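Participant: Here is what each chain is made of, one letter per residue.
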Amino acid sequence: MNEEELLQRAVEEREKLFKRYEQGRDGGAEIDPWEDPGFEVYHTTDRYGFIHDQRLPTKIDIHEAKKLQIEVERQKKWIKMLKNWGSPGVSPEKLHSRVYKGIPDSLRSIVWCKLLNVEESKNSNAGIYTNMYQLARQYSTDARQIDSDVNRQFREHLHYRERYSIKQQQLFNVLTSYAMYNSEVGYCQGMSGLAGVLLMYMNEEDAFWALHILLTDPKYAMHGYYKEGFPKLTRFLAHHDKILTKFLPKLKKHFDKNGLDAMLYSLKWFFICFVERVPFNLCLRVWDIYLLDGERIITAMAYTILKLHKRNLLRLNDMDAIVNFIQVKLHKDFLIEDDIVIQNLEKSIEELKRAKLYTPSPPQKDEIPSRPFGVFKKPTLDKIVGIRTDKFSEKERQTNQLVVLTSDIARDNAEKDETYECQTNDSVGHTGSKFSFEQSNDDTSSLLDCEHLGSRRSLADTSVTSTADLSVFSTITRSQAHENSLDTHSNLSDNSVGGASSIGSGICTTSSHRVFSAHTTPRASSYKQSPDVLRIYVPYSPLDTPVASPHNGDLQQSIPCLFNDNKVRIKIDNDELPTPLIEHGQIKSFNVDTELDLK
Amino acid sequence: MEHTEPHSTEPEMANRQGAAQRPNGAQGKICQFKLVLLGESAVGKSSLVLRFVKGQFHEYQESTIGAAFLTQTVCLDDTTVKFEIWDTAGQERYHSLAPMYYRGAQAAIVVYDITNQDTFGRAKTWVKELQRQASPTIVIALAGNKQDLANKRMVEYEEAQTYAEENGLLFMETSAKTALNVNDIFLAIAKKLPKYDQNQGQSGQGQGRRLAEGDQGAKTPGNCCK
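Chains F and D, in that order, give the protein sequences.
Sequential numbering of the first sequence, starting at 1, is according to full-length UniProt numbering.
Sequential numbering of the second sequence, starting at 1, is according to full-length UniProt numbering.
These are calculated hints, taken from the structure and not from any lab test.
Just so it is clear, the structure is predicted and the values come from calculations on it, not from any experiment.
Misleading hints may appear alongside valid ones.
[Said to hold, decoys possible] One side of the interface only, derived from the structure: several residues of chain D facing chain F at Cβ under 8 Å: (1) Tyr60; (2) Gln61; (3) Phe69; (4) Leu97; (5) Arg122.
[Stated by the list, open to error] Within a straight-line C-alpha distance of at most 25 Å, the following computed SDA-like cross-link-like pairs (lysine to any residue) qualify: (6) F:Lys383 with D:Lys82; (7) D:Lys128 with F:Gln401; (8) F:Lys329 with D:Val53; (9) F:Lys329 with D:His58; (10) D:Lys128 with F:Lys16; (11) F:Lys16 with F:Glu4; (12) D:Lys82 with F:Val328; (13) F:Lys377 with F:Gln134; (14) F:Lys16 with F:Val328; (15) D:Lys124 with F:Leu381; (16) D:Lys128 with F:Val328; (17) D:Lys152 with F:Gln134.
Built from N, CA and C at the ideal position, the CB exists for glycine as well.
Just chain F, with the same shape it has in the complex (with noise of 0.2 Å):
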């Protein structure tokens, strides 16, 4: 084909794209059967032909019920609120408390509208949404992306179902729309996420703007993850990276070993606020937040997920395993109730002021948009006709490194981490004496594990507390642990490195089942066939400092390689041979220069 035929190829498609949006589904519109879903909400076929009849049950549960009957008595209270937004009478603190508990769904259109100030930017721009709209019909070169993603966007959603239906045409129009007003980001897969929730509460103009608020207003900029190179999603990825060292090393050091890098579970946490990543009730809670407290929530959240479930995770031993539980497993059941997860994202926020890292490191120059909105640039010949250009601009390029890059470090820290660590899975067993006292946050923070605190009663009624002080561990409560799961720098933390100080030394311990369980990977420790085992981490430091302090994962963090050149492990039988027997153990002198490096 030549220039002139695929330019007339491509303004005939775009037509053609734009008409069936416009003519919906009233008028013979042309819709492939398999385009349109058969009304099946009712029935699922699994692999075999059976269908199964999944119908909602046809009595409300008495927890349900009582939820329903709270959300009515708050709506009262927001629509009180409502009345009087803006005025004194509304204290940040009041606003914050309650959208926290959750925004009554009923008044989502309009809170939502009103947290991201849609009123302003719709008023002070009247007719540019219009205007973009005839742009796109003239102009787009995004119809065909945004087209096949409409065609897959919460089609399981009863506004999305039907080809062509009022919302589906909607979406169309937000996206090609905004691809013309924004042209630097243009459109982004990702994005019909954003404008579907969207628009589930607003028009269509109204999510126009919001969409516009999100990416470009600083608090959540957005712009940023979209544009080419997707510069804010790397800074954003060695952030979340970054918290993972320093509150959840093991968990970290589990996904390294895997090779699971969090750019392959993360996207959707980061691009479209966990949609489609959580179930879409607790997705709703979180949007709440966000559009309340801005980008510094999906950092927070995602380390809650992780937190919350890092139990689970770390019994996963591939990455398949890990990815689909993060990506499906989650999705369809977050196993924890919508309160419970939104207290410990709060909690996990205080923990991330506490150590600095609630807030990433500033934007790039890059990520900030630098094209002016709405002004129009006539597309390149490529563009119109869909001609990929062949190489990386230099942006792109860059991105491509730092991950590759990233990806490389983690997989060497993983196999250095293989050389020294020996058993680092074991502490994660499944029943009776699976147990850990690393005083990270890994251990103290796992709501689900409770099998975790039997463990740690049973190994401190041994003998073993004769050589380190366990006494805090061996009268803890159930309660006190979830407190301690909830707070990562409580008592039993502080405690146990005082206690630990007494001789010396901070303790680090990891026991393993006698039982090997078929689970674990056998790699993980060259003591396949040993008993319990109790590590204890005698960091040997000639420097007064709290860098010894294992409890709160630093150490292993700054200076892994001294850590584990200076651990003495202890083997217990368990039952028969109560005294505590000194297997093998290996003290040296570590390079000061190393930390530094390594800092």
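Please arrange chain D on chain F, whose structure you already have, making use of the hints.
Facilitator: Relative to the frame of chain F, chain D by itself:
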């Protein structure tokens, strides 16, 4: 909306935990390969993987952001082949992330949609990029997907076949929806991949890295293990 048909050409699938746990697992070799799917947006990359790995099909498969990762194991005579499948996003914007996924891949399936000529052109571009950038020994398969929509065909079978032959690619027309040729294309790739037995000095081959026992291998896509 989920359609599942019985597999028409189902090969022997090992269970998802892998053959390592089968009683006779010790007899055969287990080889692990990294495979990447590339191609234009909405040609059916994720659907092919979903069909192959889970035997399912979703009409409205959600768009892949970044990449997805799945594994599936197939049995081939005395060898168990474990595929680590990297399913990438099709939109050009995400192209800059793709090399991260095809780096070190031993196999690739480049997918196009037989009802859309442009996607075939894009597939050719991907093949070129792989030939230029990926490992020289990479096994590339070309999949003309959506064969169930053959009445809307825009890319002739012969055209694609000729192209594939010229470039030394495996080629099949597939349908993730009806399961046509889906397992077959993966099996064909498995057959074409070099399989070294660790016991017979695989490490001496100097290709890839030997996998330690039980290694996930995701980070070290060696040619073979055990």
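Participant: Now tell me if each hint is right for this structure.
Facilitator: Results of checking the hints against the structure:
no.: 1; hint: Tyr60; result: holds, 4 Å
no.: 2; hint: Gln61; result: holds, 6 Å
no.: 3; hint: Phe69; result: holds, 5 Å
no.: 4; hint: Leu97; result: holds, 6 Å
no.: 5; hint: Arg122; result: holds, 7 Å
no.: 6; hint: F:Lys383 with D:Lys82; result: violated, 40 Å
no.: 7; hint: D:Lys128 with F:Gln401; result: holds, 21 Å
no.: 8; hint: F:Lys329 with D:Val53; result: holds, 16 Å
no.: 9; hint: F:Lys329 with D:His58; result: holds, 17 Å
no.: 10; hint: D:Lys128 with F:Lys16; result: violated, 32 Å
no.: 11; hint: F:Lys16 with F:Glu4; result: holds, 18 Å
no.: 12; hint: D:Lys82 with F:Val328; result: holds, 21 Å
no.: 13; hint: F:Lys377 with F:Gln134; result: holds, 14 Å
no.: 14; hint: F:Lys16 with F:Val328; result: violated, 36 Å
no.: 15; hint: D:Lys124 with F:Leu381; result: holds, 20 Å
no.: 16; hint: D:Lys128 with F:Val328; result: violated, 34 Å
no.: 17; hint: D:Lys152 with F:Gln134; result: violated, 31 Å
When the structure is compared with the earlier hints, violations turn up for hints 6, 10, 14, 16, 17 and for no others.
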